[in-house]
Amino acid sequence: MTVAAGPRRTPPELRERLGMLADRFHGARALSIRREPVPAAYRVFFRHIGLDPDVQRTPIEAAAVERLLRGGFVSGSAVDDALVLALVETGVPVWALDAARIKGTLALRAARAGERLGAGEYAGDLAPGRIVVADDAGPVAVLFGAMAPDRLPGRDTDRLLLFAVGAPGVPALYFEEALHCCAEALDGS
Amino acid sequence: MVELTVRRTGRVVDERAARAQLRRQIARLEAQLSALQISGFPHGPVDPAVPGVRGPHILSLGELERTRDALVAGLDDVRSKAAARGERQAAARALLERMLQEPGRHKFVRVANRDLGEPGCGVWHVRPRLGLIGMLAGWWQVKLSSGCPLAS
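Same order as they appear, the protein sequences are chains H and X.
When we follow our numbering, the leftmost residue of the first sequence carries the number 1, and every step to the right adds one.
When we follow our numbering, the leftmost residue of the second sequence carries the number 1001, and every step to the right adds one.
Watch out, some of these pointers could steer you wrong.
[As the list claims (entries may be wrong)] Example chain X residues on the side facing chain H (calculated, C-beta under 8 Å, incomplete):
1) A1017
2) I1026
3) E1030
4) A1031
5) A1035
6) F1041
7) T1067
Since the hints were made in silico from the structure, they are not lab data.
Glycine included, each C-beta is placed from N, C-alpha and C at the ideal position.
One chain only, chain X, in its complex shape (with noise of 0.2 Å):
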């Protein structure tokens, strides 16, 4: 037979400390997080997913802690997108100066406001100038049509 001995250490761990110190956190995590779902809006990823755990009630230190890994998670889901988006962005923007630079070396390329990140439906085209008789001459340049296409 074994025999346990329990001994009361008299230990009372006071979490108060570590609850608020969470809660600061998250209240900090959330406002970095707001920032940056405006800042890529419109477009930009606008819902993370830091999921509720189940509806209102206190929430344990563990509970605490979930919400701010979650929360961390999600700001780094969102900020590597919106990197993402600046380096393509990035690139659309050389690649729009080069076709405004030679616009015979990017026949008809195509680069749309859309992915330069700037509003509206305009998108930037390298066309011959008088159509067949500048293709054959040589003649190209970098037309931006304007409007978004009229709803069917």
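The following block holds chain H by itself, in its conformation from the complex (with noise of 0.2 Å):
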């Protein structure tokens, strides 16, 4: 899905939502969610693709975390609180990339011998087989982990391109909510 929105600072209102959803996440919902059938199916991709979700954590159980030791979901720019109100509100994690530098659609794919994430000083070496999010020219984010820094939202970004990754069991509605969230909340700011 593409939106039209860049990097901003979070507008009050997205910055009280993201407070309200704070507000109604306690300790015993960021210690039961890993059972809600959302977070359970991305816990179980993870064992799938061979990631210990104990070790690093599901972005849900990651999310739920940091707002239990800080008491809130910080606040950053308007992209990455939109971003985090959408994984909360539905569990699907939702990722932003710069539109323009995407060339066509975007896919995964086991990375290739000699591919590296990103271009030029901080490319950062990819181990063949590695999963990756991948366009036409080459990896864009490892699969739950690192994004290719120059693929990341600027200051001269003026589109996003946000993706979302599914796990086997989590109906495609979830999905499209994440998404539509995430966009609803940029296109508010």
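Got two chains here, each in a separate frame; can you build the complex from them with the hints?
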């Protein structure tokens, strides 16, 4: 999904909405969230792709831990806050890229030998076989991991490409809702 | 010179069914593990050691099996610890019951709420009624101290 929005400060309405979400998100839910259907599906998906969700937390569990440690969902840029909002509302993680720096469509695939994450001095090596999100030009992110710095939204970004990665067992409706929730929050800002 | 003959059997091993079965088993074990972890909180072991493999990738059949086996071992570990904790709590409850029935036979015995699996910092303590007089007269009672100690 592409939305017309760029990096900017979080508007008060979005910050207030995040505050209300944080007020509803208590320790008991943070503990039991792993048994809710969508977060549980992502935990299982982590196991299926060789990640230990107790070491590398699933996005929603990481957000829950952050909420407990910091006392709220920390407000950063409007884009970051919209992503957190969609994640906490639906349990589905959403990522944002600069739409102008993406060529073709995004897809999941295994990294090939010699491929790097991003371009330039700060590009990271990718182990062959690592599951990556890639466009026609190459990998843009490791699945549930680092993103290519040169594809992230920058100061000159005016269009964002939002994407979500589904876990088996999660109905498509949740992804649509997550993307819509994020787009709506950005649109409102 | 040894001549080796290689025969092609023409059999292609289809792993799909096995992989699907393993994935189902992993999903079921993960659900059981999550349930146990939550039910044991805050007294139980939270994170059993079920290591990941190495970054996100398509797991081979062997890696799926190892993940499944690690989950089974982790589940056994959590269950055994939960069972041991349950036995300790049952013993502590039985002791508290005996203390309440016959305080005179359990002088100065203490049982903490934590040992009973209860929340809070309360401690059940068999003490003499009226201090030294009660001690000499054999007047014993069970007192529950409440509240957590002040942070120093």
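Status of each hint after checking the structure:
no.: 1; hint: A1017; in the structure: 16 Å, violated
no.: 2; hint: I1026; in the structure: 5 Å, holds
no.: 3; hint: E1030; in the structure: 5 Å, holds
no.: 4; hint: A1031; in the structure: 7 Å, holds
no.: 5; hint: A1035; in the structure: 7 Å, holds
no.: 6; hint: F1041; in the structure: 6 Å, holds
no.: 7; hint: T1067; in the structure: 6 Å, holds
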